[in-house]
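> Chains R and L supply the protein sequences, listed in that same order. Everything in the first sequence is counted per the working numbering, starting at 1 for the first residue and increasing by one. Everything in the second sequence is counted per the working numbering, starting at 1 for the first residue and increasing by one.
One or more of the hints may lead you astray.
Stated by the list, open to error - In silico lysine-lysine, DSS-like type, Cα no more than 27 Å apart, as pairs: (1) 340/L / 100/L; (2) 56/L / 70/L; (3) 107/L / 332/L; (4) 358/R / 371/R; (5) 120/L / 142/L; (6) 358/R / 138/R; (7) 193/R / 142/L; (8) 120/L / 107/L; (9) 337/L / 351/L; (10) 254/L / 340/L; (11) 107/L / 254/L; (12) 134/R / 335/R; (13) 335/R / 142/L; (14) 79/R / 332/L; (15) 70/L / 254/L; (16) 203/R / 254/L; (17) 99/R / 100/L; (18) 442/R / 79/R; (19) 351/L / 335/R; (20) 56/L / 359/L; (21) 389/R / 442/R; (22) 118/L / 254/L; (23) 203/R / 193/R; (24) 358/R / 335/R; (25) 134/R / 38/L; (26) 120/L / 79/R; (27) 100/L / 79/R.
If you're looking for bench data, these hints aren't it; they were derived computationally from the structure.
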Amino acid sequence: MDAANVRGVRRLSTLVRHLIVPSPPSSSSSSSTEAPPMASQNPNDLVAPSPAAAFSSVFAHVAQGPEDPILGVTVAYNKDPSPVKVNLGVGAYRTEEGKPLVLNVVRKAEQMLVNDPSRVKEYLPITGLADFNKLSAKLIFGADSPAIQENRVATVQCLSGTGSLRVGGEFLARHYHERTIYIPLPTWGNHPKVFTLAGLSVKTYRYYDPATRGLNFQGLIEDLGAAPSGAIVLLHACAHNPTGVDPTPEQWEQIRQLIRSKGLLPFFDSAYQGFASGSLDADAQSVRIFVADGGELLTAQSYAKNMGLYGERVGALSIVCRSADVAVRVESQLKLVIRPMYSNPPIHGASIVATILKDRETYNEWTIELKAMADRIISMRHQLFDALKARGTPGDWSHIIKQIGMFTFTGLNSQQVAFMTKDFHIYMTSDGRISMAGLSSKTVPHLADAIHAAVTTVN
Amino acid sequence: MALGAAISRAIPRRALSSAATSARSASSWWGHVEPAPKDPILGVTEAFLADPSPDKVNVGVGAYRDDNGKPVVLECVREAERRIAGTLNMEYLPMGGSVKMIEETLKLAYGEDSEFIKDKRIAAVQALSGTGACRLFADFQKRFLPDSQIYIPIPTWANHHNIWRDARVPQRTLRYYHPESKGLDFASMMDDIRNAPNGSFFLLHACAHNPTGVDPSEEQWREISYQFKVKNHFPFFDMAYQGFASGDPERDAKAIRIFLEDGHPIGCAQSYAKNMGLYGQRIGCLSILCEDEMQAVAVKSQLQQLARPMYSNPPVHGALIVSTILGDTELKNLWLKEVKGMADRIIGMRKALRENLEKLGSPLSWEHITNQIGMFCYSGLTPEQVDRLTSEFHIYMTRNGRISMAGVTTGNIGYLANAIHEVTTSS
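Pulled out of the complex, with its shape left as it was, chain L reads as follows (with noise of 0.2 Å):
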């Protein structure tokens, strides 16, 4: 009978004769397969969780935490969940995502009474949080303008070098960070927008850039705008931060303003996880300034294209939490409250760390501490610095130096100011 027959061919002999046959090797396929390196940034608060110390202190991952070192969910949060659960079914949203969620995102970034909105010239999607929209965003440029590459500021956050890497967009320097002032390289990033080639593509951080909290002053953001005009370049903001680094979401998008007056096609990625509390949610937004309503149709198409074999279509959850407290001016109200309160304690954290190492009679100068903005402290710690931090104080940050002020409280700032005060001055 044929079909044996075909079954005799395809299956050796001895392999039929047993009557379960067991897998061919006894050698795994994956025996090459090397351990992968611990992420630099999520890995301290695995070593953080591992230690049994009870003074142990978390200045690691940039999540937001009370004054008793608590985590923190909102209020504006909790309502819109109570008012969500049960009420709704879980359909799959469409392949860009919550319309209602897109609408109020770009609200934010663009300004509630955009031009850019009401002529709908952006093409945008909801994406996973800020890593997802750069992600996008990072395959869509490869797609499309496959020469292209980035300029991304040193430092950075380090999973932006991985996920332009993954799209395989080739990565150029662009010099920010000043060491010896703890500020802005300023001249140093003017060269380099300058000297790169006409039509460049930029990764800028909005406000708050993580990790250094330095950021551009408004002047130099105007600079920097005019500067990108001659040479044509790409700007693309990661807005990871808006409302976290001055209380005030419209202050915070001053950069992304200035440069969408200026007449620049933007591209931009926001994130809700830092201030709206919704980390895990994975809730964001890529959006594209484009010329005219077509082309930003055409867009959002083939960024859905690209969304579509990643995973489909987005999660609902955390776009209902967003579009519920957004399209509510209570809640919106609410919220804007909650996330001054979060930026406030920050501010007043980053104060009272500095008054506390000058109290302690340091020799270094720490007014980096209140210049910087944002969740992140860029200490200037060196790397041993900050071993001995964590093996002889049980502190743990990132071994750039990078503190998270946000893990900061009334009650660990005198450990912590004293900890590394005798890191400073004893060898």
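Here chain R stands alone, though its shape is the one from the complex (with noise of 0.2 Å):
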């Protein structure tokens, strides 16, 4: 129905309300001492419109969302019939045949938990899955790690890392003195949505440089700098999504120093751990330096990507405090963040999780399967930027085996990304990002002549 009907039937609705009298309910109950209301004083209370008019709601006025930018281009890559399609849109794990891919680790602990008889599916605690608790915590600062010894960090399952970020953000529009958090520029299109609902105000930092693809140090050390101090920081632990520029162990050497010095506080985004280099030590030491120095902080950890559980939303929200005494009572108050969104996190994925942590021989073939995944996206990485060499493509596109991770940022701009994707079918978020597992040695010629035709026809 256009716009114009629909006036007229709600014109049409309002006229029919004031020409139709309703007759009350035929039986009232024993308690009811009321008279029907035919004849009273109210206006308001003379009619109501019949069933058969057509009902008016509140929420008429609601306008249509925007399709979110990323999830979006899932949505417009599964309509195009063309066979020649490659979805390097959201950042999923794909297989060389382009298949979804479930960790062996993970089916195994899937039979498990089905074939145990004993299980229940009773409410988990607000806070989650203790097991699952301890062990996330394990995993991104350390089994060693003196805060986990010195029992200073308050750790809470929550819904991948997005509800990690939402109630550490919320977290700290409650409790933190300071309201305003500075993210990279650019970063995941969802974090400023995010921290705005937890109700913190967000500001940039400049991160990535479009001239060398790659990090402008200098100007993220001017802002940081220049942010009053208190304020947050949302730092991502590894692979930067989308630009997969990340600082060096130097410069985060120094950024710590400066987020010290400064008395910012940092918060973590950890998506890709075991997904960068391929070493789940290696891509938590940027969380470990700041914690080795004695300071606080916040990590938002997801299993989404390194354990393949994308829809299971397994996460951990962990907040290391100075003292276990803080811990305790900021757990305390996570909760009460927590119970009027959802009461308690879901069992299913976070037992998967614990199932693979707590057993060494689980856990060391699930950093086997880890690493394959992380090295076939470095051979993919490598695959298209010989490719392109290849091809003679005009530019420097070695940022393509420098950057980290599941993303590259490729340069290309929006005009050039639409006339690949209509002319070659090839499915990507506007701002140049690829989702590089989404590649396979299959499509990558197809992809590396998509760019070339690009960056030679298009601007």
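Since each chain comes alone in its own frame, lean on the hints to assemble the complex.
Structure follows, in structure tokens:
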């Protein structure tokens, strides 16, 4: 129904309301002493629309929301009938055959859970599965971390990285004296929304340098140096999304010194531990140098990519505090954020993770499968770089092999991206980000052709 | 070199001089954080678990127990899980959740042959059980009708207040429970409905009111619906116990169906926590009935905009269990049988508890135990009496006197009845 018709129907139903007098229900309960409201003083009480008339909704004014820029890419991809289409949008791992992957250790854990008759599906505590929380903290901070040994870490299970960021943000908005969070430019598209809805105000710091397709370290230092004391700083622990550009260990040390000297509060988003270099410990180094200096920080962890548990929504928020006593109180306040949001977190995914992490053998198997995924992505980077070199595509494409993790920030502009979608059926986000996980040896040549054409004919 | 200069300007000299700079101050950012009060409901189970007494009884949290006091995983759920394990991947669901699960879930609330479903007039998203559905609605209400408020029945599930408070929607009270009769205070309820400004929002428990177990009769629901029409109020139904109240999901949806017949554009939160025993899976649905398909599409897209910055997309496992069961005739019939079994056991325990207390010669009236419906009995016990039950008899319940009948078994009913008799007759 178009807008004019809708308005017409509403006018009609308003008119109808003044013409039809309703009959009250035939039998009233014994405790009601009210006469039917036929001739009441209040004109609003006179009539009500009959069920046959169109009702009007109090939400009639609600406009259609925009498509999510990232998830919308997969929607568009699914609609495309072309046999050569490639989905390089969402950061979900794909095998060489272009299929989603469930890790062997995950399948094993699933079977164990299903075959265990003593397993029940009762509510988890508000803070989630205790085993899972302890194991997650060990994974990111290191089993020998003094913060863990001193019971200074409050860890709560949350809904993947998004949920961990949101709960952390809400906690900060309620209990932290500084309500501003600095996020890198660019960052994952959902970050600003998460923190804004959590009640924080969002500012940016320079991060990506389009000229070098690398880190704008000077800009980063200047902007964080100019931030008010105590401000919150969002840091990607590794494999920055969308650029794939990470600080070097030396640069991380300088960032740490700056943050600590200004009393800024670091909030790490760790969505790719193990996925960046293939080593879980190496990918956690940025976080661990901050813990090692004895200071406080927040960490959001996700198992979506590194354990392939995407849809199970498994993650954890950890707050490293100065003392065990503070950590206990912080945990109690985190519960007050969670309870009115969803009461307690989903049990299935966390049970799988705990099953895998607590057993030495399955843990090792996992690290091997994880390294295989990271290695395949690194190999795709090299293949794409070589393919562009072979075609003599103008420009310096070394950033493809320098950038880290699931994504490459190609440097292509939105017109070039639109061209690649239209003419080559390549689906990616309009900021030029491609998910290397979505590539295979078979599709690299097609992508290289598309990039070559875009660079030589568009803008 | 420019970069070095930038770093020197940004980092004070004394900080650079030590090889590993410690964090500047030795005090915590969180030193001022107060310990939060324990959740009144979930805190009961914590206390129960900590109690070493062999006689302890937990009639606190509303989670079903069989006659041996054990949690139950329904057969239909076990079978669904067997079918699911090892066969599917764990990719992200769409932001709005599993389409199949939502389809089946709407049929339960709106009716198998609902014209609203056929006409695609319902905006619906998968939500994190009932809590998540209520929270999404509260956030949606705040965003699109920022001046609106919500009338909440007194008493209600404690977390309802937290949800609308965190969504920053002002709350008003709707009188509901009548302590003297331990039934519905219908006259006051209707007064409050009539006196509320036109177009007010109301939270209604579709069936098996939590914590009182007191539901309006069908005739009373019809009067409420009529008055809602007169006042143009918005009804939001929280349906957490469909199937659990009477044993028949169709019957338990009666209030919603009355309102739909009367043309109300309802909102509805549904949960599978109790009626499918999927508590920890966090699986539910939020639906809002709209004028037409176009509006439903718009509303759904906005609900997704609220979900995305909260958790991006909902968990897949529980959704698979629900759609596997409800999408298979045999499994669905098994589920209906099992739900009826749970409801019947509870109804049986109500009867037995009342009989026990009457046999003990209690001077008080206990007919409310069998008048009330669903998982909970609002016993009328005072907080002091509840404290005595806990400290003297190791019986755990929430201090408002709410007894979870699901925790009552043939094994503990005698002990429970005796204890209640004790604390209500001695001083």
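> Give a verdict on every hint.
Here is what the structure says about each hint:
1. Straight-line distance between C-alpha atoms of residue 340/L and residue 100/L comes to about 24 Å, which keeps the hinted pair within the 27 Å bound.
2. Taking the CA atoms of residue 56/L and residue 70/L, the gap is about 14 Å. The hint holds against a cut of 27 Å.
3. This hinted pair checks out: residue 107/L and residue 332/L have alpha carbons roughly 13 Å apart, not beyond 27 Å.
4. A hinted pair counts as satisfied when its Cα atoms are at most 27 Å apart, and residue 358/R with residue 371/R qualifies at roughly 19 Å.
5. Restraint check: the Cα-Cα separation between residue 120/L and residue 142/L comes to about 25 Å, which is no more than 27 Å; the hinted pair holds.
6. Distance restraint check for residue 358/R and residue 138/R: the Cα-Cα separation of roughly 11 Å lies within the 27 Å cut-off, and the hinted pair is therefore satisfied.
7. Our distance criterion of 27 Å between C-alpha atoms is met by residue 193/R and residue 142/L, whose separation comes to about 16 Å.
8. With a C-alpha separation of about 12 Å, the suggested pairing of residue 120/L with residue 107/L holds against the 27 Å cut-off.
9. For the proposed pair residue 337/L and residue 351/L, the alpha carbon gap of about 21 Å is at most 27 Å, so the pair holds.
10. For the suggested pair residue 254/L and residue 340/L, the alpha carbons sit about 17 Å apart, so the restraint of at most 27 Å is met.
11. Taking the CA atoms of residue 107/L and residue 254/L, the gap is near 13 Å; set against the 27 Å cutoff, the hint holds.
12. A distance of roughly 17 Å separates the Cα atoms of residue 134/R and residue 335/R; the hinted pair therefore holds under the 27 Å criterion.
13. Taken as a hint, the residue 335/R and residue 142/L pair is honoured in the structure, with Cα atoms around 23 Å apart against an allowance of 27 Å.
14. A distance of roughly 33 Å separates the Cα atoms of residue 79/R and residue 332/L; the hinted pair therefore is violated under the 27 Å criterion.
15. Distance restraint check for residue 70/L and residue 254/L: the Cα-Cα separation of roughly 31 Å exceeds the 27 Å cut-off, and the hinted pair is therefore not satisfied.
16. At roughly 51 Å between alpha-carbon atoms, residue 203/R and residue 254/L are farther apart than 27 Å, so this suggested pair is violated.
17. Annotation: proposed proximity of residue 99/R to residue 100/L holds, straight-line Cα distance about 22 Å (limit 27 Å).
18. Only pairs whose Cα atoms come within 27 Å are accepted, and residue 442/R paired with residue 79/R is accepted, the gap being roughly 22 Å.
19. A hinted pair counts as satisfied when its Cα atoms are at most 27 Å apart, and residue 351/L with residue 335/R does not qualify at roughly 38 Å.
20. Only pairs whose Cα atoms come within 27 Å are accepted, and residue 56/L paired with residue 359/L is accepted, the gap being roughly 23 Å.
21. Distance check on the hinted pair: residue 389/R and residue 442/R sit about 17 Å apart at the alpha-carbon level, within 27 Å; holds.
22. A C-alpha spacing of about 20 Å is found between residue 118/L and residue 254/L, which places the hinted pair at or below 27 Å, so the restraint holds.
23. Restraint check: the Cα-Cα separation between residue 203/R and residue 193/R comes to about 12 Å, which is no more than 27 Å; the hinted pair holds.
24. For the suggested pair residue 358/R and residue 335/R, the alpha carbons sit about 25 Å apart, so the restraint of at most 27 Å is met.
25. For the hint linking residue 134/R to residue 38/L, the alpha-carbon distance of about 22 Å falls within 27 Å, and the restraint holds.
26. Between residue 120/L and residue 79/R, the direct Cα distance comes to roughly 21 Å. Compliance with the 27 Å bound is thereby established for this hinted pair.
27. Pair hint residue 100/L plus residue 79/R holds up; C-alpha atoms about 19 Å apart against a cutoff of 27 Å.
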